[in-house]
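**Q** Sequence:
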Amino acid sequence: DDSTGQAKYGKHYRSMQYFVSKHTDLAGDETCDHLHEGLGFLTNHVAISMEFENALRVVDNTLSLPYWDYTIDGNNAQQAAENNGADEEKAWRSSVVFTDEWFGTSSPGNDLNTATMLTGPWANTPVMTLTDYDDDSTSHVSNSYGYLRAPWNTNNNPYVARYNKTFEYETDVMPSCTDYYDMLAYDTWLDFGMNIANGAH
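Residue numbering for the sequence shown follows our numbering, starting at 88 and increasing by one per position.
Hints were generated in silico from the structure; no laboratory data involved.
For each residue, glycine too, the CB sits at the ideal point set by N, CA and C.
Some hints could be false.
As the list claims (entries may be wrong) - Just the calculated beta-carbon pair ranges, DEER-fashion:
id, residue 1, residue 2, range
1, Pro213, Trp276, 23 to 31 Å
2, Glu176, Cys119, 30 to 38 Å
3, Tyr268, Glu140, 24 to 32 Å
4, Gln104, Asp147, 15 to 23 Å
5, Asn282, Cys119, 45 to 53 Å
6, Trp189, Gly286, 21 to 29 Å
7, Thr118, Ser90, 39 to 47 Å
8, Leu129, Trp189, 33 to 41 Å
9, Ser136, Asn282, 29 to 37 Å
10, Glu188, Asp278, 15 to 23 Å
11, Thr149, Cys119, 18 to 26 Å
12, Thr149, Asn211, 34 to 42 Å
13, Leu271, Ser102, 19 to 27 Å
With the sequences and hints as input, model every part of the structure.
**A** So this is what it looks like as C-alpha cells:
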C-alpha cells in the first residue's frame with residue numbers, strides 16, 4: 088500500500104492500486120471522462136505518466152517508463168496484411184509488446200471467460216475491487232460487480248483481461264505514421280488538443 092511504500096521509499100512512492108483507482112476514477116466519472124475526452128487527454132496522460140515514472144524511480148532509479156511507438160507495429164501489421172494476406176489483428180498481436188516479457192498473451196477468443204491474461208507479469212492478476220480500499224470505498228468508481236472498471240464495463244471476470252472488442256465492435260484500427268503526421272499539421276492548441284485522442288491514440 089502507499090503508506091508502507093512511502094515509509095520505505097519516500098513521499099513520491101505510489102502503489103499500483105493508486106494508479107488503477109486514479110485512472111478509473113478520472114476516466115469513469117459519470118459527469119465527464121477527464122482522461123480521454125477533450126483538452127484534458129494529453130495533459131492528464133502526461134501528468135499520470137510522469138507520476139508513474141517518479142514512483143518507479145524511487146524504488147529503482149535505473150528504471151524509466153518505456154515509450155512504445157505503436158505506429159511501427161501498426162505499420163508492420165498493415166504491411167503483413169497487404170503483402171502476405173495475413174490477418175492484421177493476428178499480425179498486430181505478434182508485437183514484442185504482447186510477449187511474455189512485456190504484457191503477455193491473452194486468448195484470442197475475446198469472450199469474457201477466455202480473455203484473461205494467460206502469460207507474462209499480468210497473468211491471472213486479480214482486478215482490484217472496492218473492498219480492497221481502507222478508505223471510503225463509496226468515493227471510487229467501479230462497475231456493477233465492484234471491480235475497478237468503468238461503470239459501463241459490465242465484465243465480471245475477476246482477472247486482468249484484454250479484448251479487441253467494445254460492445255461487440257472490433258477494435259482493429261491502429262494508429263499510423265500518417266495519423267501522427269496529420270496531427271502535426273494542426274497549428275492551434277485547440278485543434279491539436281481536441282484531436283490527439285482520436286486516430287493518433
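**Q** Work down the list of hints and note, for each, if the structure agrees.
**A** Hint check:
no.	hint	in the structure
1	Pro213 <-> Trp276: 23 to 31 Å	violated (40 Å)
2	Glu176 <-> Cys119: 30 to 38 Å	holds (32 Å)
3	Tyr268 <-> Glu140: 24 to 32 Å	holds (27 Å)
4	Gln104 <-> Asp147: 15 to 23 Å	holds (19 Å)
5	Asn282 <-> Cys119: 45 to 53 Å	violated (18 Å)
6	Trp189 <-> Gly286: 21 to 29 Å	holds (24 Å)
7	Thr118 <-> Ser90: 39 to 47 Å	violated (30 Å)
8	Leu129 <-> Trp189: 33 to 41 Å	violated (24 Å)
9	Ser136 <-> Asn282: 29 to 37 Å	violated (20 Å)
10	Glu188 <-> Asp278: 15 to 23 Å	violated (38 Å)
11	Thr149 <-> Cys119: 18 to 26 Å	violated (38 Å)
12	Thr149 <-> Asn211: 34 to 42 Å	violated (28 Å)
13	Leu271 <-> Ser102: 19 to 27 Å	violated (36 Å)
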